[in-house]
Amino acid sequence: MIPDDVRCLESHEWARREADARIVTVGITDYAVEHLGDIVFLELPQVGMPIKKGTSFGSIESVKAASDLYAPVSGKVTAVNSALADQLELFKSDPYGQAWLVKIESADPREYDSLMDAQKYQQYVKGLA
Amino acid sequence: MKLIFEKSIVGRRGVRPSRSDVPTSINIPAKLQRPAAPALPELSELDVVRHFTELSRRNFGVDTNFYPLGSCTMKYNPKIAEQIAALTGFADLHPLLPQLRMGGMLTQGALQVLYETDLLLREITGMSAFSLQPMAGAHGELTGILIMAAYHRDHGNHKTTILIPDSAHGTNPASAAIAGYEVMTIPSDQNGVMDMTALKGALNKQVAGLMLTCPNTLGLFDPHIKEICELVHSVDGLMYYDGANLNAILGKAKPGDMGFDIVHLNLHKTFATPHGGGGPGAGPVGVVDKLVEYLPISLVVKREDGTYSLNYDRVKSIGYIAPFYGNFAVVLRTYAYILLLGRDGLVRVSENAVLNANYIKEKLKDYYDQPVAKLCKHECVFSATRQMAQGISALDIAKALIDRGFHPPTIYFPTTVKESMMIEPTETESKETLDSFIAAMIEIAQLAQSNPQAIKDAPCTTPVGRLDETAAARQLMLASLP
Amino acid sequence: MPFIAHTPRQQEQMLAEIAQTMAGLFADIPTALRCGSLQLPAGLSQQEVHQRLSRLARRNATDLVCFLGGGFYDHFIPAAVAALVGRSEFYTAYTPYQPEISQGTLQAIYEYQSAICRLTDMEAANASVYDGGTALYEAMMMARRITGRNKIIIDDSVNPIYRVMLQSYTRNLNIELVETHSVDGLANRPEILSRIDEKTAGVILQNPNFFGCIEDYSDIAAAAHQQQALLIVSAYPISLGILKTPGAMGADIVTGEGQSLGLPLSFGGPYLGFMATRKQFVRKMPGRIVGQTQDKQGRRGFVLTLQAREQHIRREKATSNICSNEALCGLTALVYLSLLGPEGLKEVAQLCADKASYAYRRLTSIGQVRSYFQSKWFFNEFVLELPCEAAEVVGKLIDRGFAAGFPLSRYYQGMENAILIGVTEKRTRQEIGMLAEALESIL
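Chains as they are written, first to last, in the numbering used here: chain A, 54 to 182; chain B, 19 to 500; chain C, 716 to 1158.
No wet-lab data here; the hints were simulated from the structure. What you are looking at is a predicted structure, and each value in this text was computed from that prediction instead of being measured. Every residue gets a Cβ at the ideal spot worked out from N, C-alpha and C, and that includes glycine. What you were told as hints is all true, and nothing was included just to trick you.
Here are the simulated distance ranges between beta carbons:
no.	chain 1	residue 1	chain 2	residue 2	range
1	B	L499	C	Q762	45 to 53 Å
2	C	A757	A	L181	51 to 59 Å
3	B	R422	A	P56	42 to 50 Å
4	C	G739	B	R422	26 to 34 Å
5	B	S468	C	P756	51 to 59 Å
6	C	G739	B	L499	53 to 61 Å
7	B	S448	C	A757	21 to 29 Å
8	A	G107	B	D184	21 to 29 Å
9	C	S1124	B	R75	47 to 55 Å
10	C	G739	B	I456	14 to 22 Å
11	C	T736	A	S109	51 to 59 Å
12	C	P756	B	V319	15 to 23 Å
13	B	S448	A	A171	52 to 60 Å
Here are the simulated lysine to any residue pairs, SDA-like style, with alpha carbons at most 20 Å apart:
no.	chain 1	residue 1	chain 2	residue 2
14	C	K1011	B	P481
15	B	K308	B	L249
16	C	K1091	B	Q51
17	A	K106	A	S167
18	B	K223	B	H176
19	C	K999	B	Q493
20	C	K1111	C	A1153
21	C	K1111	B	R119
22	B	K97	C	L759
23	C	K1111	C	I1081
24	C	K1011	B	G483
25	B	K49	C	A963
26	C	K999	B	L494
27	B	K436	A	G180
28	C	K999	A	P98
29	B	K308	B	V253
30	C	K914	C	Q942
31	C	K999	A	S112
32	B	K474	B	R422
33	B	K334	C	R886
34	A	K117	A	E142
35	C	K1011	A	G90
36	B	K474	C	G1013
37	A	K129	A	D161
38	C	K994	A	S112
39	A	K106	A	A132
40	B	K381	B	F84
Based on the sequences and whatever the hints tell you, model everything.
Following this line, the structure appears as structure tokens:
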């Protein structure tokens, strides 16, 4: 189900470099959605917040779990999907599209390139089972 | 069933206070008063009695149903303990009395209860002294970790980490983190006990201590327990014993002999004080000699003339973690329970607790998967993985048990076992009760094969069916407000 | 053996059925660790235990006329409270993790949460923490979580017993606790306002304060909010029958001790820590919380919610380590409040205030006895200045049958002659008169 134009973190966030190569869109993978169960709450940062790769930029909560969201690249938050909080079903129906979380203006393009690609992520996930 | 607020009738009165025998004072200016009385329900005493009586009938309790919740030790709560806690000489005693001059002499009975309970718990666990102040198990854990931290600070040790097994109860890492420590998780091996290689790899000079329960949450007694204690001591770390599972080894083994330095007990588990729907409990903390000076203020001591007093002069103590002496009425019930059982009764507790758990284990092992097929102690763990093949989960099995009149076992804990069901019958259950529980579990296992849908709809004998937890967390209706 | 059902024959039968021996069941304990026997006395009968403990109970002085307060009060507990809370379906139940068979406990907690909100004018409450001191500690940690800051300001008019608890926790946890010094029995506004800055997580105050004085903290709430800090108020629930609420003052977190709501004094516990807050902070509040929902047939029901914050899920990242709380004590408070209702609670509060006022006038009419503070408004406690050491006077009054009050020198330097006297609806005009006479004769 995972599209091949994204790269992923071991903590199950996906990242997609946009047409404007400085912008990276971030969300969570369908594996994460399935394991969390019904999402009940989302905590997202403010636009303009500086962000560092590997640190938490927010959190996501379901009935049975709560997880931090980890940044795949460093930079500045340029957009936040605030409408998502009222449409949490989008996580199930469109995790790689409309359920995007934040857009980051990325400082160093090499950070994105060093992430796991979709295929490697699939194998990683298989190994977790 | 209506909320109590929905039953309110304007102007209805319940209990009326006495008429005043002093003049009314217009003491307090209006600007410091609330504009109207609080919006509490207006009901007659009978309305209130009927409401709460009806609510009580929507509960399962130990007094009504078998309650094999693993890790909770839902044993019978002796009524004699309730009667003693209600004696006015205890119930009406103001906690500030000992802080008045010669005030200790006004509370000698209560101080003696605290003193003697300390001694009894020392003998049961092999520790040198107890603080009875912690008001719950998790509170005891935090207290124990603060003692650990005080000891290391006092000795100039630079310690940053606490080791905790992956099968531990969530309060363990939570308590360690609150006390400012980093938590390093040690995995279990394929036998369900601590992975010794992983432990040795994790040990270094930064390790402040290790938190463990023995038997562990899988109901297994770790054969390496003494070695684990020695290894942690070798890096000047301290061993912490989570006493939640003490029911398995009462009178058979002592954490002090195993090498533990700090112990907390759950009086509302092992010592039969009631759970109360979530509390109150009590989590006394016992320590070895070298840690006694760090125990919370105050401690009860016995003077040469045989009278009891409170010792506040404790320079190295971690301070006050409770307003007074702990949940006294809970400690009092424990004292009564230990006196009642005595040395032989306490040993019979663990013998029958372990017998009952192994009895269930043997009878169900052909129907449910066992993560570890070994002798267990006071609780046994099964996995519903076989039933998952038919789409029946541990949750479904739990709900089906409800319809058969049993409180389900603990499910999804420990987190190291998939679809886990942890069954702790306790020693106060009869063979007939165990047999009917076993029969129900077997029936459910068979239904899982022949008619899984019948289980999916459970429970259907209760006032409500399965509730929508997602909706609860999303709509967040947390109070009925006017 | 008490509480063991198995007869020796049944035990043998069970062991045989599982091909075990009693020794075999404990074979997994290494021989070196097996304890021979417990050095404890043999078990007693119920009768013997009752006799022994009744003797111990009689060695406690509960017949002194009680004018002790300090946060813990001798209030009257209506008979129906014990009858209802003593139902074993309530007290032998566990934490309501299986909601279908715990609707009794769950609905009761929901109603308790609602009652606390209505009492304090707040929007959400938790299912309880251990006591009023722990509630303040948890509120302090909550303020740190919400603001991301580390400094807490607390006035010494807050209960000193709670302050030493907070000092013990913060000393071990690296939190900056700034204590301001009350002036004339009231919170020290100039000092508090000057210390609120961008590092402040919260300001902790109490109403009525430890000295019994009543205040309105709306101005301090405003000052705190200007710096994005929080106001935490610890409140005496009976007083909320008539006093302006912390919610109305602008408090962000309200805590307090619920002992006065139907719980016996019991020499220190179990008690009841209540916590309430605004809806926007609910996810940062520790403890269990019950929420309303429905089942597939649309029937209303109640469940534990927001559990993802708690220790059993979040583990080291949890909002708190709290697991067992004071659920039964919360139920007790709910039953008490339901039996009294709004008018009953108001009347109890008014009786406390009136009797305290009467006691104040009777006692200060004694030649050498004065009010310690100039501040005029108190609820049911006040501080008197005696012409000599208060602790000694209290000692003498004990011999006359009174627990006359609390000498403040234990917690406040320089207040050797000060005594804190608390009056509840249980104190009669006659008892107050006799206290005055006894005091007069001693001085």
